[in-house]
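Undergrad: Here's the letter readout for the chains.
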Amino acid sequence: MDDNEIISLFNSRSEEALHEITHKYGRLLSKLARDITGSDEDAAECVNDTLLALWKCIPPEAPDPLLAYIMRILRNLSIKRFRSNSAQKRNAGEVLCIDELCEVLTFDGDETDENLLSAVIDRFLASLKSADRNLFVRRYWHNESVRDIAFGMKMSESAVKVRLYRLRGKMKTHLNKEGFNV
Amino acid sequence: MKRENFEKAFENISDKTVTEAVLSRDKKRGRRGVLAKILIPAAILLLLSTVLAVNAASPVDLSFYISASFSGDYTMLSDMVSMPDKVAYRNSGDEVRLELKGVMGDSVSAVIYFDVVVSPGIEIPERWYLDIDYDELCLPWNSMGLGGSQGTLEHTVDADGSNRFKSYVRVTQSDAIMPDSFNMSNQAFYITLNGIGGWKNYPDNPERFTVLEGKWSMALQLNYRDISTAYIFGKDYIVSQPEFVTDEMLVSEAGEPITLNINRISLSPIGITYYFSLPQEDVDEFRLFNSIGDVSGVKLKDGRIIATRHSIFGDIAELNSNGGSTSGRRGDDGRQYMSVNLRFEDVIDIADVESLLISDTEIKLGDAVSVEKAYLPESGETEIAVPDGVGESFETDVTE
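Chains as they are written, first to last, in the working numbering: chain A, 1 to 182; chain B, 183 to 582.
Be a bit skeptical, because a hint or two may be false.
One side of the interface only, derived from the structure: several residues of chain A facing chain B at Cβ under 7 Å [stated by the list, open to error]:
#, residue
1, P65
2, A68
3, C97
4, L125
5, L128
Since the hints were derived computationally from the structure, they do not count as laboratory data.
Glycine included, each C-beta is placed from N, C-alpha and C at the ideal position.
Work the whole structure out from these sequences, hints included.
TA: Structure follows, in structure tokens:
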């Protein structure tokens, strides 16, 4: 079933919509949630919470593309869960991949226009070769482990780390060129 | 800037980027099982398992160094297995040896052939892999990245009962395809191997594990003649963009057919490079990647169709720019100029090729307006810039 048909099911308030999402994207969503939370149990709860959020938001929302919309919700919920677990010291010192990215940046505490910054980041990502872009996004947006990325992209772990290191540096340079003092 | 601003901004990157990364992930994984079955070289793995057995008690530095050059005019594999005296490495116990056979290639790729010979009586485990550091696999003078793959062509048994595995390592330009300005042949280069690993829970939930940590370094000169032929077209071809399955969950929708102006096709026994342009508004790299890359091949004169494949390391089939005299990818005419390189699983004889297939479009080689032989670099010895540490154990490790 394509995404438009799933949206139609939501619009007609058919619970079949949730079944279709689970069928179509369930494994993918579980993987993303697990990559962030580090726990199967937490991941399952985040996926369920995401489905609930979708049920509440569609309609009036009619997201296109649907997958990205779902993943944004799931990512937010999973990160919140991770942060909550960290606050309760349940994560055994684990950090999110975004922390690795933030380490190379300098934050001065001034407010920044997030929309503008987001557009600049998009331009940076668009300037990369698709393989590098996917590598970067998989690590820092999808929170995928170096090991999994290496496995999926048939690279050695050290190769992934080296490439990510270079890409982090490129991003910092790009942001500085665009006027963000990081 | 506040960190929260950055995190929020990063969270809001475009839907396209987020989705592309997801699709790429599942696509790569979709390939993995098939490619692993086809390409993971049992012979190399077996060799390494044997090395492991030999060295299990006390892991040692297994570095070795190959210094060899080749000048053969290779057109087919049979021409390449004729250098039996090129023993590159032999361990002290004589249980395993690596015999370098030859190298061939075109401007984009080179294939290094060698035999792995395992003495009788060595137990052969099932799934092992050689951890080649492809990111460090490069030309010493140039940071250009290379992709790579490895495989086994044939398994035979010698008269003395030794298992012989005809194997290869393929190296490919991955960051750019610029045959006009750079050619892989006659370059010095080196490979670094970071150890030996294995797979468990294969194929349902495969996980890698380290078998032996070591370091192998190999440096050699790719002293071969580029054997590709360029067919000049300058014609429009309408290419469909079918849906593609990334896995059972993610199926793309079909795209509109696009018109590619194919300028040139470079064909060699190991791969094809297409050079084409298209209107800027029609460019959807990810879809092109799949439409051209996943559904392509060659049709032989006897009717057989040989599929081309992406590099298992991904980069080879990325759509790369080849703007020629233009700046970047965009030509002065506003069109997007691109190239894509695809490889054959095995070596083929290009004299047998009748036409090329992209998606459901057939391109007959006879329709080319002209044919050009490949760029032929001057042959000759090139001094190899061996990295620090490489070759230190060469004198003691090699017994021949």
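Undergrad: For each hint, tell me whether it holds in the structure or not.
TA: Checked hints:
{"no.": "1", "hint": "P65", "verdict": "holds (5 Å)"}
{"no.": "2", "hint": "A68", "verdict": "holds (4 Å)"}
{"no.": "3", "hint": "C97", "verdict": "violated (11 Å)"}
{"no.": "4", "hint": "L125", "verdict": "holds (5 Å)"}
{"no.": "5", "hint": "L128", "verdict": "violated (10 Å)"}
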